[in-house]
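Order-wise, the sequence lines are chains W and B. Position one of the first sequence corresponds to residue 7 (my numbering), numbered consecutively onward. Position one of the second sequence corresponds to residue 3 (my numbering), numbered consecutively onward.
These are calculated hints, taken from the structure and not from any lab test. Mixed in with the good hints there might be a few duds.
Unchecked claim - Example chain B residues on the side facing chain W (calculated, C-beta under 7 angstroms, incomplete):
#, residue
1, Gln-57
2, Thr-62
3, Ala-69
4, His-95
5, Pro-96
6, Leu-113
7, Gly-115
8, Gln-121
What the hints assert, rightly or not - Where chain W lies over chain B, by a calculated footprint (3+ residues, C-beta under 8 angstroms):
#, segment
9, 29 to 40
10, 97 to 109
What the hints assert, rightly or not - Over 10 angstroms on every C-beta distance to chain B, these chain W residues come out as not near it, computed from the model:
#, residue
11, Phe-81
12, Glu-87
13, Arg-125
14, Tyr-157
15, Pro-173
Even for Gly, the Cβ is constructed at its ideal location relative to N, Cα and C.
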Amino acid sequence: MDSNVSSNSSAPGRSLVSAKVVIAGGFGAGKTTLVKSVSEIPPVSTEAVMTEASREHDDLSSTPDKVTTTVAMDFGRLTLEHELIMYMFGTPGQARFWFMWDDIVRGAVGAVIVVDCRRLAECFDAIDYFETNQTVPYIVALNRFDGELPYTVDQIREALEIAPGVPIVDFDARDRNSAGGVLKELLRYTLSRKAEPVG
Amino acid sequence: MRNRRRRGARIRPYTFTGGRTRSRHPLMVQTLVSAADANAEVPSSLLPESRRIHQMCRETRSVAEIAAELKIPLGVTQVLLSDLADQGLVYIHPTITGHSPSENQVLERALRGLERLFQ
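Please put together the full structure from these sequences, using the hints given.
Dropping the structure here:
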């Protein structure tokens, strides 16, 4: 994989490595809030031009002037150690941008699907995506906002048809330690999955 | 994989990249890049966009940070960075994807880092 990488290992900072986790979920579920709570920088928004999509998205063929549509995605950063940086990328919430997820998700060490329990249906696309994807481990994080969860974890697992092994945690996206706890849970899950052979 | 040629309107930013939309190097949004020699003069032959990217790479940054800061679309940033890497001007850092068992140690370090940061 690194065959094309120019090598000059004497320069400072060369041992810096990065990893990425993806924060997915429905529109308004609290993805950006989670990123904001844990990030050491204010969340940054960057734009991806929808060119790749224009090949696959039928809607565009009927509206050729629309090819320059851009999709914004938010990301934050965490320096975990001196030379280890983790980025958190939020996926665009609207379902019609799901095709962009491949680029965002590729190479992620894991994903968090943020769920607003008052609007469960909003996260169906994200769950479908990661169930189909299979390569990136994911956990489900129920954002309890102010109050209590209106359902039990078991009820939610059933309603969303989430596989028994997938962790479901509840948290408050606005609370730094609570949001950080979700990331810890995700990494523990990623590591536990690697411990057992995956078919 | 996706070989179908794009038809129709051309998007201006991609004229910088000769129409290429894929980079040859493993550049993901989180991939860190840094200038091969932070003190080197930026070659004057570079496009202004590539020059700005090279300038930013004097400090190690991710592809996404460069795209956001310079307001260049991600895909274009990836292709221009790939060209800079071809010319030996930028160094592409390894990215941990968790797919190789050799990365377990790094993932464990990451978890310990999180445990330290969030109680």
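Verification of the hints:
no., hint, result
1, Gln-57, "16 angstroms, violated"
2, Thr-62, "5 angstroms, holds"
3, Ala-69, "5 angstroms, holds"
4, His-95, "5 angstroms, holds"
5, Pro-96, "5 angstroms, holds"
6, Leu-113, "4 angstroms, holds"
7, Gly-115, "3 angstroms, holds"
8, Gln-121, "6 angstroms, holds"
9, 29 to 40, "holds (count 9)"
10, 97 to 109, "holds (count 9)"
11, Phe-81, "5 angstroms, violated"
12, Glu-87, "5 angstroms, violated"
13, Arg-125, "27 angstroms, holds"
14, Tyr-157, "26 angstroms, holds"
15, Pro-173, "14 angstroms, holds"
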